[in-house]
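Make a model of the complete structure from these sequences and hints.
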Amino acid sequence: MCDAKYDILFEPLAIGPHVAKNRFYQVPHCNGGGYRDPSAAAAMRGIKSEGGWGVIFTEQTEMHHTSEITPFIELRLWEDKDIPGLRRMSDAMKVHGALAGIQLAYSGINGPNFYTKEVPLAPSALPIRTFTNDPVQARALDRTDIRNLRRWFVNAAKRSKIAGFDLICLYGAHGFGIFQHFLSRATNQRTDDYGGSLENRSRFAREVVADIREAVGDTTAITMRVSLDETIGELGFSNAEVREFVEMNADLPDLWDLAHGAWEDCSGPSRFKEEGAQEILVKGIRELSTKPVVGVGRFTSPDVMARMIRQGVLDFIGCARPSIADPFLPKKIEEGRIEDIRECIGCNMCITGDMTMSISRCTQNPTFMEEWRKGWHPERMNAKGESQTVLVVGAGPAGLEATRALALRGYDVTLAEATTTLGGRVARERLLPGLSAWGRVVDYRQYQISQRTNVETYFDSRLTAEDVLGFGFEHVAIATGSHWRRDGVARQHVVPMPIDPGMTLWTPDDIMAKIHPENLAGKTVVVYDDDHYYMGGVMAEVMAKAGATVILVTPSAYVSDWTRNTLEQGAIHVRLDDLGVDIRLNRGVTAIRAGEVETNCTYTGRRKAIGCDAVVMVASRLSEDALYNDLLARQADWRDAGIRTVEIIGDASAPAPIAWATYAGHRYARELDTPDIGDALPFRREVTQLEPA
Numbered sequence: 001m002c003d004a005k006y007d008i009l010f011e012p013l014a015i016g017p018h019v020a021k022n023r024f025y026q027v028p029h030c031n032g033g034g035y036r037d038p039s040a041a042a043a044m045r046g047i048k049s050e051g052g053w054g055v056i057f058t059e060q061t062e063m064h065h066t067s068e069i070t071p072f073i074e075l076r077l078w079e080d081k082d083i084p085g086l087r088r089m090s091d092a093m094k095v096h097g098a099l100a101g102i103q104l105a106y107s108g109i110n111g112p113n114f115y116t117k118e119v120p121l122a123p124s125a126l127p128i129r130t131f132t133n134d135p136v137q138a139r140a141l142d143r144t145d146i147r148n149l150r151r152w153f154v155n156a157a158k159r160s161k162i163a164g165f166d167l168i169c170l171y172g173a174h175g176f177g178i179f180q181h182f183l184s185r186a187t188n189q190r191t192d193d194y195g196g197s198l199e200n201r202s203r204f205a206r207e208v209v210a211d212i213r214e215a216v217g218d219t220t221a222i223t224m225r226v227s228l229d230e231t232i233g234e235l236g237f238s239n240a241e242v243r244e245f246v247e248m249n250a251d252l253p254d255l256w257d258l259a260h261g262a263w264e265d266c267s268g269p270s271r272f273k274e275e276g277a278q279e280i281l282v283k284g285i286r287e288l289s290t291k292p293v294v295g296v297g298r299f300t301s302p303d304v305m306a307r308m309i310r311q312g313v314l315d316f317i318g319c320a321r322p323s324i325a326d327p328f329l330p331k332k333i334e335e336g337r338i339e340d341i342r343e344c345i346g347c348n349m350c351i352t353g354d355m356t357m358s359i360s361r362c363t364q365n366p367t368f369m370e371e372w373r374k375g376w377h378p379e380r381m382n383a384k385g386e387s388q389t390v391l392v393v394g395a396g397p398a399g400l401e402a403t404r405a406l407a408l409r410g411y412d413v414t415l416a417e418a419t420t421t422l423g424g425r426v427a428r429e430r431l432l433p434g435l436s437a438w439g440r441v442v443d444y445r446q447y448q449i450s451q452r453t454n455v456e457t458y459f460d461s462r463l464t465a466e467d468v469l470g471f472g473f474e475h476v477a478i479a480t481g482s483h484w485r486r487d488g489v490a491r492q493h494v495v496p497m498p499i500d501p502g503m504t505l506w507t508p509d510d511i512m513a514k515i516h517p518e519n520l521a522g523k524t525v526v527v528y529d530d531d532h533y534y535m536g537g538v539m540a541e542v543m544a545k546a547g548a549t550v551i552l553v554t555p556s557a558y559v560s561d562w563t564r565n566t567l568e569q570g571a572i573h574v575r576l577d578d579l580g581v582d583i584r585l586n587r588g589v590t591a592i593r594a595g596e597v598e599t600n601c602t603y604t605g606r607r608k609a610i611g612c613d614a615v616v617m618v619a620s621r622l623s624e625d626a627l628y629n630d631l632l633a634r635q636a637d638w639r640d641a642g643i644r645t646v647e648i649i650g651d652a653s654a655p656a657p658i659a660w661a662t663y664a665g666h667r668y669a670r671e672l673d674t675p676d677i678g679d680a681l682p683f684r685r686e687v688t689q690l691e692p693a
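Residues in the sequence shown are numbered from 1 upward in steps of one, following UniProt numbering.
Bear in mind the hints are in silico, worked out from the structure with no lab data behind them. Incorrect hints may have been included.
What the hints assert, rightly or not - With a cut-off of at most 25 angstroms between alpha-carbon atoms, the simulated DMTMM-like pairs for lysine to aspartate or glutamate come out as follows:
#1 Lys-283 <-> Glu-199
#2 Lys-374 <-> Glu-343
#3 Lys-94 <-> Glu-287
#4 Lys-81 <-> Glu-118
#5 Lys-161 <-> Glu-279
#6 Lys-21 <-> Glu-199
#7 Lys-161 <-> Asp-218
#8 Lys-161 <-> Glu-50
#9 Lys-5 <-> Glu-334
#10 Lys-384 <-> Asp-412
#11 Lys-158 <-> Glu-274
#12 Lys-158 <-> Asp-91
#13 Lys-161 <-> Asp-211
#14 Lys-21 <-> Asp-7
#15 Lys-374 <-> Glu-686
#16 Lys-158 <-> Glu-118
#17 Lys-374 <-> Glu-50
#18 Lys-545 <-> Glu-343
#19 Lys-332 <-> Glu-274
#20 Lys-94 <-> Glu-686
#21 Lys-608 <-> Asp-582
#22 Lys-158 <-> Glu-279
#23 Lys-5 <-> Glu-279
#24 Lys-384 <-> Asp-679
#25 Lys-608 <-> Glu-647
#26 Lys-545 <-> Asp-561
#27 Lys-384 <-> Glu-647
#28 Lys-332 <-> Glu-379
#29 Lys-545 <-> Asp-577
#30 Lys-331 <-> Asp-303
Said to hold, decoys possible - Between beta-carbon pairs, the in silico distance windows are:
#31 Tyr-603 <-> Pro-692: 44 to 54 angstroms
#32 Pro-682 <-> Ile-8: 39 to 49 angstroms
#33 Ala-557 <-> Arg-684: 50 to 60 angstroms
#34 Arg-584 <-> Asn-454: 27 to 37 angstroms
#35 Pro-501 <-> Thr-604: 28 to 38 angstroms
#36 Met-248 <-> Asp-7: 28 to 38 angstroms
#37 Glu-79 <-> Gln-388: 18 to 28 angstroms
#38 Glu-214 <-> Met-248: 37 to 47 angstroms
#39 Asn-454 <-> Thr-420: 49 to 59 angstroms
#40 Met-248 <-> Lys-608: 29 to 39 angstroms
Computed from a prediction, not measured in an experiment: that's the story for all the values here. Where is the CB? At the ideal position from N, CA and C, for every residue including glycine.
Below, the structure written as structure tokens:
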């Protein structure tokens, strides 16, 4: 039963001609599927409808072929043949009573048009602004272009109505949408009646909304997504000007959708953004209009959500990442099952799907985007197979997820952990600067396992092959994790580099075990990062906070290069610079000698020495697979021991981000005792239909 203090979250509210059944509003978010995987994306949205969301939106939907963002894979609504795929999505959204919304995007200054080869169009003639600095410029829209663009929006709105959508979101946030490009003086340098004053810069938005209302306004609500603050200085669309814009156009849309400046600002990871971080920018805007307001802020706490509504800051709780981590978040609050919520950890692994043009992952929810492809439901497991007992060795993220999911299927599970703590790498990493929220990976699974009577957990249990053979379990899952290498093998070095044992050398494992002195004042530490995810930057931060003079050396052109995909690379660089870390890019390490590190330029090979007292080696990791290999060597003994299968999963199989480990654990649990599919694909996919030759 819902706690009375959360009742306000379940009050219906009108959005134009429609009524949302509650205040849970899944704002538009990408998923790596888009036009390539329409059924997978539709099923994912449908699960959220089942989970109780009142409003569910698509991702960015390109509404005309003259503005597209290839290679990134979003939805498309270029012509009538795009309607059936989108209809499948809207139908799935509405099965359980949610309102279905589509976000129409014309990317303007952000659309390089690599696929269509059309000349990009924008309010002013400027270089295209994309993640990859594409060498393309946009042509300034002339009067005819603007009339055409208004008509294209109307055509897209009509198609959206046919496709079954109740709401249309006009995208003008994150620097990606044409409406923001008109509103911002940074991208609108026009001198006609579409530029200059805020009233003129608002003209295009007013015209498009009026056009769409005339075409479909009797049955379709219109929302407008605008940035709360571009945070780019005097030329940008500031928070003060946003407020002026809303007040000037108070009743323009049926709902105001407010999101912070750039995507990095709006969807910053938990390392740099707290829950509800945008509250100060949103507060008071609701009073400027009679229309409802939705805002975001990686909301995971029902108390924070209820306060936002109760205090009049927001009318709807906008969620993207929390709706991915737990599609059933609203239903769990409504049913009084707060402790069952899989809280978003803010790692932004979901965003990497869009950034890498691949199917998205979620660290907390391994079923994300597998609802159609594999038939995985986030709250229900497949029926138990014919066997009964499973031994899971290792209580890291893979082992915990395998244990949780196996127990739900009905197996009797024994979890053996070599240490005295659940969580494996997460138990250690959650103690590093900024990573405390990552502990939710452990906390959620630990609680769920504690509620199961068919799970036994044993600590201080470092097992041998002889131990495992003597237990009599039918199935054995080896989830023993990995450890960081000390020899420098990673991308620059495929064999160990020369290392003098006289140099003090630590790995991230050593740092997390606090082997290094707490006070490093007066010491110079070189952090060598050939991993390129978050760990190198975190190690540099730890060393700097311990008082060391830190020099970070990386062969990449960026600090923590891969975190560009998680929208935190810039924030990492700023933090390290603020801490006084000396960042040396495009440099590798060729040798470590007593008292110095020899570095080389990745382009010229020229070498320089850096004097230092210690090195933190952030290279690659080695799987802890000895137990698995020992068991394989004794495969002839399995039958007599009652063992049917032995599998290795997670980092023990192949080190990767935490999301890969939870996925591996879940997949193991799903597929245990299922038929062998041979060489068939383990997932469904859609293939492009051939047109007549």
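Status of each hint after checking the structure:
1. Lys-283 <-> Glu-199: holds (23 angstroms)
2. Lys-374 <-> Glu-343: Answer holds: Lys-374 to Glu-343 is near 23 angstroms, not above 25 angstroms.
3. Lys-94 <-> Glu-287: The given pair, whose Cα atoms are some 31 angstroms apart, is violated under the 25 angstroms limit.
4. Lys-81 <-> Glu-118: holds (20 angstroms)
5. Lys-161 <-> Glu-279: Given that 25 angstroms is the threshold and the Cα spacing comes to 33 angstroms, the pair is violated.
6. Lys-21 <-> Glu-199: Between Lys-21 and Glu-199 the Cα gap is close to 35 angstroms, so the pair fails against 25 angstroms, i.e. violated.
7. Lys-161 <-> Asp-218: Holds, because 11 angstroms separates the two Cα atoms, which is no more than 25 angstroms.
8. Lys-161 <-> Glu-50: It holds: about 23 angstroms lies between the C-alpha atoms, which stays within 25 angstroms.
9. Lys-5 <-> Glu-334: With Cα atoms ~11 angstroms apart, Lys-5 and Glu-334 stay inside 25 angstroms; holds.
10. Lys-384 <-> Asp-412: With a Cα-Cα distance of about 10 angstroms, the restraint between Lys-384 and Asp-412 holds, given a limit of 25 angstroms.
11. Lys-158 <-> Glu-274: violated (39 angstroms)
12. Lys-158 <-> Asp-91: holds (17 angstroms)
13. Lys-161 <-> Asp-211: holds (14 angstroms)
14. Lys-21 <-> Asp-7: holds (12 angstroms)
15. Lys-374 <-> Glu-686: holds (13 angstroms)
16. Lys-158 <-> Glu-118: holds (24 angstroms)
17. Lys-374 <-> Glu-50: holds (18 angstroms)
18. Lys-545 <-> Glu-343: violated (29 angstroms)
19. Lys-332 <-> Glu-274: Measuring from Cα to Cα gives roughly 23 angstroms; hence the hint holds.
20. Lys-94 <-> Glu-686: holds (23 angstroms)
21. Lys-608 <-> Asp-582: Answer holds: Lys-608 to Asp-582 is near 15 angstroms, not above 25 angstroms.
22. Lys-158 <-> Glu-279: Roughly 35 angstroms between the alpha carbons, so the hint for Lys-158 and Glu-279 is violated.
23. Lys-5 <-> Glu-279: This hinted pair holds, its Cα atoms lying about 20 angstroms apart.
24. Lys-384 <-> Asp-679: Answer holds: Lys-384 to Asp-679 is near 24 angstroms, not above 25 angstroms.
25. Lys-608 <-> Glu-647: violated (46 angstroms)
26. Lys-545 <-> Asp-561: holds (22 angstroms)
27. Lys-384 <-> Glu-647: holds (18 angstroms)
28. Lys-332 <-> Glu-379: With Cα atoms ~11 angstroms apart, Lys-332 and Glu-379 stay inside 25 angstroms; holds.
29. Lys-545 <-> Asp-577: Holds, at roughly 13 angstroms.
30. Lys-331 <-> Asp-303: Given that 25 angstroms is the threshold and the Cα spacing comes to 15 angstroms, the pair holds.
31. Tyr-603 <-> Pro-692: 44 to 54 angstroms: Holds, since Tyr-603 and Pro-692 (Cβ atoms, about 50 angstroms apart) stay within the stated range.
32. Pro-682 <-> Ile-8: 39 to 49 angstroms: Check passed, 44 angstroms falls within 39 to 49 angstroms.
33. Ala-557 <-> Arg-684: 50 to 60 angstroms: Given about 38 angstroms between the Cβ atoms, the range is violated.
34. Arg-584 <-> Asn-454: 27 to 37 angstroms: violated (53 angstroms)
35. Pro-501 <-> Thr-604: 28 to 38 angstroms: Given about 30 angstroms between the Cβ atoms, the range holds.
36. Met-248 <-> Asp-7: 28 to 38 angstroms: Check passed, 35 angstroms falls within 28 to 38 angstroms.
37. Glu-79 <-> Gln-388: 18 to 28 angstroms: violated (55 angstroms)
38. Glu-214 <-> Met-248: 37 to 47 angstroms: With Cβ atoms ~21 angstroms apart, the hint is violated.
39. Asn-454 <-> Thr-420: 49 to 59 angstroms: violated (23 angstroms)
40. Met-248 <-> Lys-608: 29 to 39 angstroms: For Met-248 and Lys-608 the Cβ distance comes to about 58 angstroms; the hint is violated.
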